[in-house]
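Q: Count the sequence shown with mature numbering (1 follows the signal peptide of the UniProt record, and there is no 0) and you get residues -17 to -1, 1 to 149, in order.
Don't take each hint at face value.
Unchecked claim - 25 Å max Cα-Cα, derived DMTMM-like pairs, lysine to aspartate or glutamate:
(1) 99 to 52
(2) 80 to 8
(3) 35 to 8
(4) 35 to 103
(5) 30 to 13
(6) 35 to 56
(7) 62 to 8
(8) 67 to 13
(9) 41 to 103
(10) 9 to 22
(11) 62 to 83
(12) 62 to 103
(13) 99 to 83
(14) 80 to 34
(15) 18 to 103
(16) 18 to 52
(17) 99 to 34
(18) 67 to 83
(19) 18 to 34
(20) 35 to 83
(21) 80 to 103
(22) 35 to 13
(23) 41 to 52
(24) 67 to 103
(25) 41 to 8
To be verified - The following label-pair restraints were derived from C-beta to C-beta distances:
(26) 41 to 104: 26 to 36 Å
(27) 14 to 54: 15 to 25 Å
(28) 22 to 79: 31 to 41 Å
(29) 11 to 32: 14 to 24 Å
(30) 2 to 104: 17 to 27 Å
(31) 48 to 10: 17 to 27 Å
Hints were generated in silico from the structure; no laboratory data involved. Since the structure is predicted, the reported quantities are computational estimates derived from the model, not experimental observations. The beta-carbon is built from N, C-alpha and C at its ideal position, and this holds for glycine as well.
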Amino acid sequence: MKKIFAGLFLTASLVFASAQTISFDKTTFDYGNVKAGADGHRFFVVKNTGDKPLIISKVQASCGCTTPEWSQDPIMPGKTAQIKVGYNTTLVGPFTKIIEVYSNDPANSRSVINIKGTIEAGAAVPAATTAAAVVETKADAKVATMGMDQSADTSMKKGKSAKAKK
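Based on the sequences and whatever the hints tell you, model everything.
A: Structure follows, in structure tokens:
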């Protein structure tokens, strides 16, 4: 019985030893201080340190302000690829975001990389692109829409009362 367990353990060890393995040049990219409206794209280098092809199946950002791009092509053993991460630099203020990377690495099927930095307000970006202005604009639009709804209700009521008088 001990020989069977030892054989299974040895086989499992060989399977993991001869597999695809994901590694990154860095797991956090610090943008530092960036002017609003600047290029928000940065690159993470992914390396396959195993001996079988590595496949990145999905890269998912923690919010819509961060957009990852990657190749669906397998990363061959010893080779590298890039994950392009874009951050919306019109959102003024500090940020910290995580990006989840899913692959066929048996030991690390889900890896996490991070971006962080501070977007500084600049003269080149109109005030309407700041987060506060966007919220204010959405609130104004809602009020305007509500006003149109109330106008429609009023005209409908007038139409009904006119019909009732006939």
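Q: Determine for every hint whether it applies to the structure shown.
A: We went through each hint and held it up to the structure:
1. 99 to 52: holds, 18 Å
2. 80 to 8: Given pair residue 80, residue 8 holds - Cα atoms ~18 Å apart, limit 25 Å.
3. 35 to 8: holds, 19 Å
4. 35 to 103: It is violated: about 44 Å lies between the C-alpha atoms, which goes past 25 Å.
5. 30 to 13: Holds - the C-alpha atoms of residue 13 and residue 30 are around 20 Å apart, at most 25 Å.
6. 35 to 56: Status holds; Cα separation ~13 Å.
7. 62 to 8: holds, 13 Å
8. 67 to 13: Distance ~14 Å between residue 67 and residue 13 Cα, so the pair holds.
9. 41 to 103: violated, 31 Å
10. 9 to 22: holds, 20 Å
11. 62 to 83: With Cα atoms ~21 Å apart, residue 62 and residue 83 stay inside 25 Å; holds.
12. 62 to 103: violated, 37 Å
13. 99 to 83: Status holds; Cα separation ~15 Å.
14. 80 to 34: Status violated; Cα separation ~31 Å.
15. 18 to 103: Since the Cα atoms of residue 18 and residue 103 sit roughly 5 Å apart, the hinted pair holds (cutoff 25 Å).
16. 18 to 52: The given pair, whose Cα atoms are some 23 Å apart, holds under the 25 Å limit.
17. 99 to 34: Not OK: residue 99 and residue 34 at ~33 Å, beyond 25 Å, violated.
18. 67 to 83: holds, 13 Å
19. 18 to 34: violated, 42 Å
20. 35 to 83: holds, 22 Å
21. 80 to 103: Between residue 80 and residue 103 the Cα gap is close to 17 Å, so the pair holds against 25 Å.
22. 35 to 13: violated, 31 Å
23. 41 to 52: It holds: about 10 Å lies between the C-alpha atoms, which stays within 25 Å.
24. 67 to 103: Since the Cα atoms of residue 67 and residue 103 sit roughly 22 Å apart, the hinted pair holds (cutoff 25 Å).
25. 41 to 8: Given pair residue 41, residue 8 holds - Cα atoms ~19 Å apart, limit 25 Å.
26. 41 to 104: 26 to 36 Å: 34 Å Cβ-Cβ, so the 26 to 36 Å window holds.
27. 14 to 54: 15 to 25 Å: holds, 23 Å
28. 22 to 79: 31 to 41 Å: violated, 19 Å
29. 11 to 32: 14 to 24 Å: The hint (14 to 24 Å, Cβ to Cβ) holds, given that residue 11 and residue 32 are roughly 19 Å apart.
30. 2 to 104: 17 to 27 Å: violated, 48 Å
31. 48 to 10: 17 to 27 Å: Holds, at about 20 Å.
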